[in-house]
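Student: Sequence:
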Amino acid sequence: MENKLGKWGFNNGDLKEKSLFSIRSVLETIMENLKEDDERVLIHLGRGDPSSIPCFRTSPVAEDAIFGAVRSAKFNGYAPAVGIYSARRSVSEYLSHDLPHHVSPDDVFLTPGANQAIEVVMSVLARPGANILFPKPGYPFYDARAACSNLEVRHFDLLPEKGWEVDLKSVEALVDDHTIAIVIINPGNPCGNVFTSEHLQEIAETAKKLGILVIADEVYSHLCFGSKPFVPMGVFGSITPILTLGSISKRWIVPGWRLGWIAMVDPSGVLKKSGIAECLQNYLEYSANPATIVQGAVPHILEKTTKEFFSNINNVLKEAVDAFYTKVQEIPCFICPYKPEGAMSMMIKLNPSLLEGINDDMDFCAKLAHEESVIILPGVIVGLKNWLRLTFAMEPAILEEGLDRIKAFYLRHSKVKGFKDISDGYDGYTSDGNQYGDNFREEEAGVCQSGKPKTWDTWS
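The opening residue of the sequence shown carries number 0 in numbering that gives the first Met the number 0; numbering runs sequentially from there.
In case anyone wonders, no lab produced these hints; they're calculated from the structure. A portion of the hints provided could be inaccurate.
[Claimed, not checked] Here are the simulated lysine-lysine pairs, DSS-like style, with alpha carbons at most 27 Å apart:
1. Lys135 - Lys272
2. Lys168 - Lys338
3. Lys317 - Lys406
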């Protein structure tokens with residue numbers, strides 16, 4: 000019989016035409032540039048999964064919870080579509096602790112990680128002609144799931160000069176009668192920002208005025224180590240209805256356990272009256288469920304993990320970002336507009352014009368991998384061309400070595416010859432032999448005479 004499958008054109012063209020690529024696939028492509036004969040340890044600063052690093056090992060309480068669930072023999076069968084009640088109740092109590100109102104277990108839906116929570120929400124909200132607002136920079140999985148659901152995506156800006164706050168004017172300019180929701184990621188991925196309570200309230204009030212739903216991605220909740228505490232968007236659920244997406248992946252450092260949730264924070268009952276709650280439940284009837292064993296462990300994990308474990312993880316992240324931020328200033332082609340206060344990554348602006356043979360952020364990352372065995376994520380993947388997303392959730396010594404290699408890469412490709420270090424006095428030379436004087440530091444290296452970085456928008 001003749002094979003007729005070819006006529007259907009299975010070529011993944013839709014996603015490619017929309018320039019939608021996963022972080023995983025891009026990192027794998029970059030890793031193809033690694034030298035096989037480079038004996039140095041690969042340093043991966045491109046992904047937010049430090050689970051294999053000893054100082055980020057999950058809590059013994061979480062490990063014991065899994066062992067206990069297995070030994071109990073109570074969680075070997077199928078679970079309800081929305082999740083085991085005891086696990087949903089624990090999630091509801093965990094979330095309610097930070098809110099002025101109570102979240103019912105009936106308002107919680109368990110998913111195999113937050114990525115599937117995104118998939119469920121995008122699928123449920125999709126309607127012919129509808130559009131949705133995503134942050135730029137943001138998390139590309141949102142764009143991919145929206146494309147699969149035929150939701151039109153409109154991107155609003157995050158403002159680096161204001162600590163990556165939402166540009167509410169751009170939000171209002173994007174909204175029309177077909178806009179259904181806005182996604183807010185806090186703490187920020189990929190920027191490492193933490194929104195203040197005041198800014199979150201402004202977002203809620205804007206959403207109310209525009210008549211749109213707020214989807215609050217709080218996967219990195221409580222991973223905060225700066226001056227701003229984590230404030231859940233649900234605090235403002237009485238202003239506008241909130242769908243909160245969360246998981247145990249980041250705070251407990253167990254992304255492979257695949258346990259996430261969707262929680263309706265909606266004291267006014269808008270989501271139930273509108274039918275969204277019923278649609279969520281119906282969708283989950285035909286969707287994958289988290290492993291029953293992990294669901295069985297959730298109550299013990301959420302209720303018994305010590306404060307010391309959480310504070311230790313935040314302290315490790317703070318120490319890492321302090322060292323990281325300081326050392327980044329030594330690389331003249333980098334500008335970091337904001338020192339992260341949360342999550343596990345930061346955005347750095349790249350100035351390719353200072354480098355020989357480097358065209359853009361993709362080119363930078365490919366050649367860096369080849370020459371230095373360091374992997375970082377091109378910013379274009381998260382929405383900003385000629386930016387870079389670097390992860391700082393790493394052992395301090397490995398992180399320092401990674402930045403030393405990036406600096407060596409800069410020196411090798413710098414258009415200024417004879418360059419040693421931005422903290423040294425020097426007379427540099429351009430590639431055409433012309434000599435720079437003392438003003439090189441300010442005019443070309445991206446730092447001022449005092450050695451401090453130039454403002455973020457110098458290279459806009």
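Student: Now tell me if each hint is right for this structure.
Tutor: Outcome of the hint check:
no.	hint	result
1	Lys135 - Lys272	32 Å, violated
2	Lys168 - Lys338	24 Å, holds
3	Lys317 - Lys406	22 Å, holds
Comparing the model with each earlier hint shows a violation of hint 1 alone; every other hint is respected.
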